[in-house]
Amino acid sequence: MKGMKKLTKKERYIYLSVASCFFVMLSALFTYFKPLSTLDYLVSDFFYQSLVEKKENASNIKIISIDDKTIEKLGSFSSWSRSETAKLIEFLDGSSDKPDVIAFGLDYHNKLDTKGDNELIASCSKYDNICISSTVVTEDKNACKYIGNIAYPQSSSYVSAVRNANISVKAAEKISAVSDDIKETDIKEHTDVPLNKMGGEDIKDILTPFDGILPYIKTGVINTGRNDDDGYIRNMVASINHDGTSYDSFALAVYQMYLNKNDMEYKAPVVGDMNEFGINYSRNARNFDIYSFYDVISGNIDAKEFNNSIVLVGDYTADSVFYVPNHRASHINEIELQANIINALLQNNTIYYAHKWFLFIWYAIFAVLFFIATTYNSGINTIVYSVILIILQILASCLLNVWGYYIPLLRLIILIIAVAVVNLLSGYLIVRRQRYYLEKAFKKYVDEQVVDEIVKKDGEIKASIGGTRKDIAVLFVDIRGFTPLSEKLSPEHVVEILNRYLTIVADAVAANGGTLDKFIGDAAMAVYNSPSDQEDYVFRAVCTAWDILSNAASLKKECLEKYGKKVEFGIGVNCGDAVIGNIGSQNRMEYTAIGDTVNTTSRLEGVAGPGQILISSEVAKRLGNRIDISFAGEYSLKGKKKKVNAFEINGIREAYEPVKRVKSDEKKSLEEKYEEGKKEIKKVHEKYVNELQNIKEFTGNELKEGIKQKTSAIVKGGK
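Numbering (this note's numbering), first residue to last: 0 to 718.
The set of hints was computed from the structure by calculation and includes no laboratory data.
Fair warning: this is a prediction, and the values are worked out from it, not measured in the lab.
Don't take every hint at face value.
Straight-line alpha carbon distances no greater than 25 Å define the calculated PhoX-like cross-link-like pairs of lysine-lysine that follow [claimed, not checked]: (1) K469 x K637; (2) K517 x K555; (3) K469 x K639; (4) K72 x K86; (5) K517 x K637; (6) K565 x K555; (7) K487 x K556; (8) K86 x K110; (9) K266 x K196; (10) K487 x K555; (11) K72 x K110; (12) K110 x K203; (13) K72 x K114; (14) K86 x K125; (15) K114 x K125; (16) K620 x K640; (17) K561 x K487; (18) K260 x K125; (19) K564 x K487; (20) K565 x K487; (21) K642 x K620; (22) K86 x K303; (23) K620 x K639; (24) K641 x K620; (25) K110 x K125; (26) K260 x K303; (27) K303 x K97; (28) K196 x K355; (29) K86 x K68; (30) K303 x K68; (31) K97 x K86; (32) K620 x K681.
Using the sequences and the hints given, assemble the complete structure.
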């Protein structure tokens with residue numbers, strides 16, 4: 000912004016300080032304003048998910064659903080005998096091509112029929128790849144905790160001792176399911192996880208699978224996490240700490256089982272303050288192979304389909320719908336959500352959401368530094384730098400996302416645009432401000448109309464040498480008796496009196512719409528009908544001369560009484576053709592008028608006596624009876640071969656009002672035009688009345704009265 004260089008050091012400091020505070024507040028608004036966060040997530044998710052899907056490998060997660068067909072054949076899941084689950088386990092694990100993990104996201108915390116429970120315990124005790132979910136009950140629920148459409152009571156006969164969710168099968172076999180004497184060596188202490196907290200809520204209980212089966216399985220809490228600002232689930236529970244014992248999430252437990260089965264190294268996801276992690280959603284129901292529970296246990300599906308895979312079993316008839324930021328399908332089933340989490344863990348697509356306070360600090364520092372860095376650049380450079388920075392920011396954010404960090408895209412882009420807009424707008428306003436002050440100062444040295452002519456509306460300065468021939472009126476005025484007065488007074492007093500006299504001149508010229516061309520020592524030159532066209536400009540010039548003499552009376556009296564010197568004006572007025580425009584050289588020029596009309600006016604002013612206004616015969620001819628004049632005589636003017644007739648003004652016969660200077664770009668209202676029309680009609684009427692006196696001897700009274708009545712009717716009609 001080149002306009003910054005035109006500011007003073009103090010102004011630059013104030014401007015940068017105020018702008019920096021503005022961008023800090025804007026950064027806070029961008030960070031904590033919820034609607035903007037929602038829009039930002041929408042844009043960012045689209046970029047990041049598209050990026051993830053391109054690098055994602057094929058998934059080996061299979062889903063066995065309790066669908067409508069299964070419910071029709073076997074009834075609702077809550078009424079089943081656990082023997083149905085045992086059949087599924089035997090079918091899958093009884094084959095040589097068995098899955099690596101079988102995980103049930105279902106309710107098994109209560110005992111049902113003894114036979115069915117025993118069959119399930121027997122099946123689970125034979126295999127080491129079974130995982131059944133647990134549920135966290137939080138304090139803010141009154142009676143039950145809902146997972147899908149399944150309600151879990153707050154109190155039950157489940158095991159009173161809270162067990163470690165990560166206990167191995169062999170170790171679990173040594174533990175009595177109902178015993179309260181659990182050895183301390185069998186419990187894993189975790190002090191870095193928030194105690195008895197999950198997603199900011201207080202944990203009341205944990206509903207684990209029923210006590211008879213617990214020693215033979217792995218378990219993990221199936222609760223997901225908090226909804227984000229846009230209502231979507233973005234944060235997944237990694238683990239919880241209940242009374243000093245750590246429980247992994249259901250997805251994380253399945254993930255670890257799969258890694259152990261395949262001798263792969265475990266990579267823990269990066270978690271935040273509440274021990275949660277995020278994922279890049281990329282899969283949905285259409286991306287996972289889904290099989291009906293009934294078809295599988297009926298043998299309609301080949302067991303080889305599940306070889307070396309992760310099998311998730313869930314209820315598809317539940318009313319639970321999870322809103323996730325997936326640009327393909329935003330509403331997914333609970334077990335599909337768990338499949339997405341496990342898939343993200345397998346693909347290393349977990350992410351860490353930056354804290355809002357971190358984003359606020361980053362936005363604020365970035366905005367202020369970028370603003371300062373582009374403050375002294377031109378508008379084009381600012382735009383180019385902004386575009387480059389936006390591209391770099393998108394690339395950097397995508398790269399960070401690949402590394403596991405989620406940085407919102409849109410807010411920083413908007414912030415870059417905001418900085419650029421503020422810089423461009425501020426630069427424009429500063430330049431406009433400087434131009435205003437420059438023109439204001441310029442008009443103190445050059446007449447306002449000349450400045451408006453030189454400085455065009457688009458800012459272009461017309462500074463070429465040349466002029467235009469035009470009919471104008473010219474006025475020259477000089478102070479008579481000023482030289483003797485200046486010899487008597489000090490220079491300071493001389494300047495003071497001179498300024499007062501010249502102010503009288505300048506005010507009279509401006510009041511009558513003239514252009515003050517220049518001051519020449521104690522003299523001045525004014526032109527009319529230049530540079531812009533004017534009406535009745537000759538009369539304006541004569542009125543200006545009369546105003547100057549009238550307004551100088553008090554100052555004349557003061558000088559006479561105070562200094563004993565008589566100081567008066569001598570004025571000359573002429574009209575005719577002259578050349579107006581930029582006169583001079585390419586390096587130094589002046590907007591003025593030149594020609595014989597100007598020279599004659601100067602000579603008339605030179606021969607005018609103190610307090611006298613001399614006009615040329617051309618002025619007298621054009622104005623006629625509108626002014627009171629007397630013949631002053633014939634003068635031999637310097638540079639003129641013939642003598643010039645001059646007339647002295649004794650008064651103004653026609654009533655007139657000082658002309659209000661109107662800018663060239665202002666349009667006259669209809670009312671103003673109407674008033675001007677009335678004045679013109681009055682002038683015509685007065686002219687005819689005067690002419691009637693001259694032609695009286697040639698016409699009769701009847702004709703005179705007729706014309707008089709007609710002109711009077713015109714005047715009355717215009718009122």
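Hint-by-hint comparison with the structure:
{"no.": "1", "hint": "K469 x K637", "verdict": "holds, 24 Å"}
{"no.": "2", "hint": "K517 x K555", "verdict": "holds, 23 Å"}
{"no.": "3", "hint": "K469 x K639", "verdict": "holds, 22 Å"}
{"no.": "4", "hint": "K72 x K86", "verdict": "holds, 15 Å"}
{"no.": "5", "hint": "K517 x K637", "verdict": "holds, 22 Å"}
{"no.": "6", "hint": "K565 x K555", "verdict": "holds, 7 Å"}
{"no.": "7", "hint": "K487 x K556", "verdict": "holds, 17 Å"}
{"no.": "8", "hint": "K86 x K110", "verdict": "holds, 18 Å"}
{"no.": "9", "hint": "K266 x K196", "verdict": "holds, 24 Å"}
{"no.": "10", "hint": "K487 x K555", "verdict": "holds, 16 Å"}
{"no.": "11", "hint": "K72 x K110", "verdict": "holds, 23 Å"}
{"no.": "12", "hint": "K110 x K203", "verdict": "holds, 21 Å"}
{"no.": "13", "hint": "K72 x K114", "verdict": "holds, 20 Å"}
{"no.": "14", "hint": "K86 x K125", "verdict": "holds, 13 Å"}
{"no.": "15", "hint": "K114 x K125", "verdict": "holds, 17 Å"}
{"no.": "16", "hint": "K620 x K640", "verdict": "holds, 22 Å"}
{"no.": "17", "hint": "K561 x K487", "verdict": "holds, 12 Å"}
{"no.": "18", "hint": "K260 x K125", "verdict": "holds, 16 Å"}
{"no.": "19", "hint": "K564 x K487", "verdict": "holds, 9 Å"}
{"no.": "20", "hint": "K565 x K487", "verdict": "holds, 13 Å"}
{"no.": "21", "hint": "K642 x K620", "verdict": "holds, 17 Å"}
{"no.": "22", "hint": "K86 x K303", "verdict": "holds, 16 Å"}
{"no.": "23", "hint": "K620 x K639", "verdict": "holds, 20 Å"}
{"no.": "24", "hint": "K641 x K620", "verdict": "holds, 19 Å"}
{"no.": "25", "hint": "K110 x K125", "verdict": "holds, 20 Å"}
{"no.": "26", "hint": "K260 x K303", "verdict": "holds, 18 Å"}
{"no.": "27", "hint": "K303 x K97", "verdict": "holds, 7 Å"}
{"no.": "28", "hint": "K196 x K355", "verdict": "holds, 21 Å"}
{"no.": "29", "hint": "K86 x K68", "verdict": "holds, 17 Å"}
{"no.": "30", "hint": "K303 x K68", "verdict": "holds, 22 Å"}
{"no.": "31", "hint": "K97 x K86", "verdict": "holds, 14 Å"}
{"no.": "32", "hint": "K620 x K681", "verdict": "holds, 20 Å"}
Checked against the numbered hints given earlier, the structure satisfies every one of them.
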